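Student: Residue numbers (our numbering), protein chains in the order written: chain G, 88 to 339; chain V, 25 to 487.
Because the hints were derived from the structure by calculation, they are not lab data. Remember, it's a predicted structure, so these values are computed and weren't measured experimentally. It is possible that some hints are incorrect.
[Stated by the list, open to error] To give a feel for the contact side, a few chain G residues facing chain V, derived at Cβ under 7 Å: (1) 98; (2) 163; (3) 166.
Note that beta-carbon positions come from the ideal geometry of N, C-alpha and C, so glycine has one too.
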Amino acid sequence: MIDPFARFRIATRARIGLGRSGDALPTAALLDFQLAHARARDAVHGAVDFAALAGELDPVETVAVNSAAADRAEYLRRPDLGRRLCDADRTMLQALPRGERPWDIVFVIADGLSATAVAHNGIATFAACAERLPKDWTVAPVVLAAQSRVALGDDIAHALGAKMVAILIGERPGLSVADSLGIYLTLDPRPGRLESERNCISNIHANGLSHAEAGGKLAWLAREARRIGLTGIGLKDEAPPLIEAEAKTLLG
Amino acid sequence: MPTYACSLGSTRHVFADLKAVMACASPRRSGDELAGIAADSDERRVAARLVLADLPLSAFLDEPLISYESDEVTRLIVDGHDVAAFAPVRSMTVGQFREWLLSYAADEAALARLAPGLTPEMVAAVSKLMRNQDLMAVAKKCRVVTGFRTTLGLPGRLGARLQPNHPTDDPSGIAAAVIDGLLFGMGDAVIGINPASDSPAACIALIEMLDAVRRKFEIPTQSCVLTHVTNTLTCIERGAPVDLVFQSIAGTEGANAGFGVNLGILKEAQDAALSLKRGTVGDNVMYFETGQGSALSADAHHGVDQQTCEVRAYAVARAFRPMLVNTVVGFIGPEYLYDAKQITRAGLEDHCCGKLLGVPMGVDVCYTNHAEADQDDMDTLATLLATAGVNFLIGVPGADDIMLSYQSLSFHDILGLRHRLGLKPCPEFEAWLMRMGMLDDAGVLAPLATDGNAMRRLLAHGG
Numbered sequence: 088m089i090d091p092f093a094r095f096r097i098a099t100r101a102r103i104g105l106g107r108s109g110d111a112l113p114t115a116a117l118l119d120f121q122l123a124h125a126r127a128r129d130a131v132h133g134a135v136d137f138a139a140l141a142g143e144l145d146p147v148e149t150v151a152v153n154s155a156a157a158d159r160a161e162y163l164r165r166p167d168l169g170r171r172l173c174d175a176d177r178t179m180l181q182a183l184p185r186g187e188r189p190w191d192i193v194f195v196i197a198d199g200l201s202a203t204a205v206a207h208n209g210i211a212t213f214a215a216c217a218e219r220l221p222k223d224w225t226v227a228p229v230v231l232a233a234q235s236r237v238a239l240g241d242d243i244a245h246a247l248g249a250k251m252v253a254i255l256i257g258e259r260p261g262l263s264v265a266d267s268l269g270i271y272l273t274l275d276p277r278p279g280r281l282e283s284e285r286n287c288i289s290n291i292h293a294n295g296l297s298h299a300e301a302g303g304k305l306a307w308l309a310r311e312a313r314r315i316g317l318t319g320i321g322l323k324d325e326a327p328p329l330i331e332a333e334a335k336t337l338l339g
Numbered sequence: 025m026p027t028y029a030c031s032l033g034s035t036r037h038v039f040a041d042l043k044a045v046m047a048c049a050s051p052r053r054s055g056d057e058l059a060g061i062a063a064d065s066d067e068r069r070v071a072a073r074l075v076l077a078d079l080p081l082s083a084f085l086d087e088p089l090i091s092y093e094s095d096e097v098t099r100l101i102v103d104g105h106d107v108a109a110f111a112p113v114r115s116m117t118v119g120q121f122r123e124w125l126l127s128y129a130a131d132e133a134a135l136a137r138l139a140p141g142l143t144p145e146m147v148a149a150v151s152k153l154m155r156n157q158d159l160m161a162v163a164k165k166c167r168v169v170t171g172f173r174t175t176l177g178l179p180g181r182l183g184a185r186l187q188p189n190h191p192t193d194d195p196s197g198i199a200a201a202v203i204d205g206l207l208f209g210m211g212d213a214v215i216g217i218n219p220a221s222d223s224p225a226a227c228i229a230l231i232e233m234l235d236a237v238r239r240k241f242e243i244p245t246q247s248c249v250l251t252h253v254t255n256t257l258t259c260i261e262r263g264a265p266v267d268l269v270f271q272s273i274a275g276t277e278g279a280n281a282g283f284g285v286n287l288g289i290l291k292e293a294q295d296a297a298l299s300l301k302r303g304t305v306g307d308n309v310m311y312f313e314t315g316q317g318s319a320l321s322a323d324a325h326h327g328v329d330q331q332t333c334e335v336r337a338y339a340v341a342r343a344f345r346p347m348l349v350n351t352v353v354g355f356i357g358p359e360y361l362y363d364a365k366q367i368t369r370a371g372l373e374d375h376c377c378g379k380l381l382g383v384p385m386g387v388d389v390c391y392t393n394h395a396e397a398d399q400d401d402m403d404t405l406a407t408l409l410a411t412a413g414v415n416f417l418i419g420v421p422g423a424d425d426i427m428l429s430y431q432s433l434s435f436h437d438i439l440g441l442r443h444r445l446g447l448k449p450c451p452e453f454e455a456w457l458m459r460m461g462m463l464d465d466a467g468v469l470a471p472l473a474t475d476g477n478a479m480r481r482l483l484a485h486g487g
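Sequences are here, hints too, so could you generate the full structure?
Tutor: So, in structure tokens, the structure goes:
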């Protein structure tokens, strides 16, 4: 059977030309949609195995925390609770031993709205970021955060006394991509920071921004943030594209 | 200030003010809980409804929920209130008003005369005493007809916005979705793109592309690129063929400021679009989208519940004689509407309350992937709305919006509703579908042969 929409399909991922069973979807298209939605829901409701993540990150030091949202149902209803630490974990972070000077940066790996994003892209993205930072920067233990919104990073970094926070967090899944990770960078983090005071690198997944590209952007933004003293709308992302040599290495 | 209280057994339920009565009387929803204004028990919710039922409608004229001095939407509502139109119901309580709305006396003509006499707060109040069935019954009796190149809102009709979004505004990708939708008879309400880019140049390119398709196939419909109203003004200044002007709006001055608009800018945009005189059967040139939770999201709700804030947005809309208004009911997420039960209720409320105020309501029947809802729930809500006489619904290819990452209705869904309920597209568009050989005399749009005339002509375009 001829597909009259064949020549359009390279131009769009939209579900065009699905055919009709009467007025309804043919079975294959019906189930294809259900599979995509099921994967998106599994990503939202799944739990990140943070213990396994800590094991894979070893010997990098890690510390696990939970937001004030007790479970997934509360997390989805109460974004305000997902933006602050539970009291016990804030006290625990405040009591952690500190270096001679404040941490230059703390990385937070957070579930957000996609556990799948963290499982597929969390460690590789962190590694790509960390290895591109200036060697003389002090990096706090990696914080693994459950039931977390973006602003939880502010509370975490404030409790640790870190000068900058980069939170790697699962983005809200769509039907086409359920494992997309985002990074939000905030200088001088403390509770109450506005969204306009952050820089965002989004769409990190197998068919989006690569781990290396994300790491390059993050390292560039972090250095610039420190140089000009701010993050957010005053810091424009003018990171050069992956330099050719690095790209070739990756391809090789 | 009056006392708002009622005693139930040994418990006396006291409410601090009128907006507390309204918030507590609302059906349970996560946004009001997030705001900390919802009733903390089911009994208290009903207690608030008992108080509300005995309040005179005029209480809402005496005690504005958001002050006149601090909010231009309140000023619009108060200054625009038509006392003569209000007269037939002025002595009623909210409970009596519900019974009157459901009575046979409240027919299409009576409701149309009454609309300018109603404030959004009165309408929100009575809706809180209504079951879903009441919301459908009352909405069904309201008729709001608008026109541009098609006439929307006529009895026995169900319009559809064709939404062909693409994550990078790729012209071929958008054209493919437009053609797909036209082959299902979609697009009589509007062919409307949410653009990925906010640049005026990119928007003009999309506006011109849609206008070219419309002229090439002589389709009686209107197009819209849903960018910020100030961008559309720039497009008009640069000579772009703008049909409808779009803007997201909310029910408080502060929330509208969060959208970067005020009543003055909306008026300026309406005047600019009217000056183009592009409509053929009417001059309704505005298109507004709304949704419960936007005022709380902008931290500009003044302690007023999200449903009442939403109805105030319809008061903003009606001041500009819009062609189309729709609530994007499930788009905002579970922190405002948690699950399908809440989304369904909100969709029916929004439709009924908008219609009572005289607004041409459509609904984007939709949800996000972190809400407790799926396509089965959309089937239910779409069917309820079509039964209640909704002016239009929104369709995207396969129900999957790849630009905004949420799910709406598919073209299949809306076509199926039309066929099952015997509803037709707008008359001008129906005639076009017949000319194209897509619609038979019984109003059925059957699956088209791939070598048929309409299919060949449309598919030959957009390559």
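Student: Once the shortest beta carbon distance from residue 98 of chain G to chain V is found, is it less than 7 Å?
Tutor: holds (4 Å)
Student: Under 7 Å is the threshold here; is the Cβ of residue 166 of chain G close enough to any Cβ of chain V for the hint to stand?
Tutor: Since the shortest Cβ distance to chain V is 5 Å, the answer is holds.
Student: Taking the least C-beta to C-beta distance, is residue 163 of chain G closer than 7 Å to chain V?
Tutor: At about 5 Å, which falls below the 7 Å cut-off, the nearest Cβ of chain V leaves the hint on residue 163 of chain G intact, so it holds.
The structure shown violates none of the earlier numbered hints.
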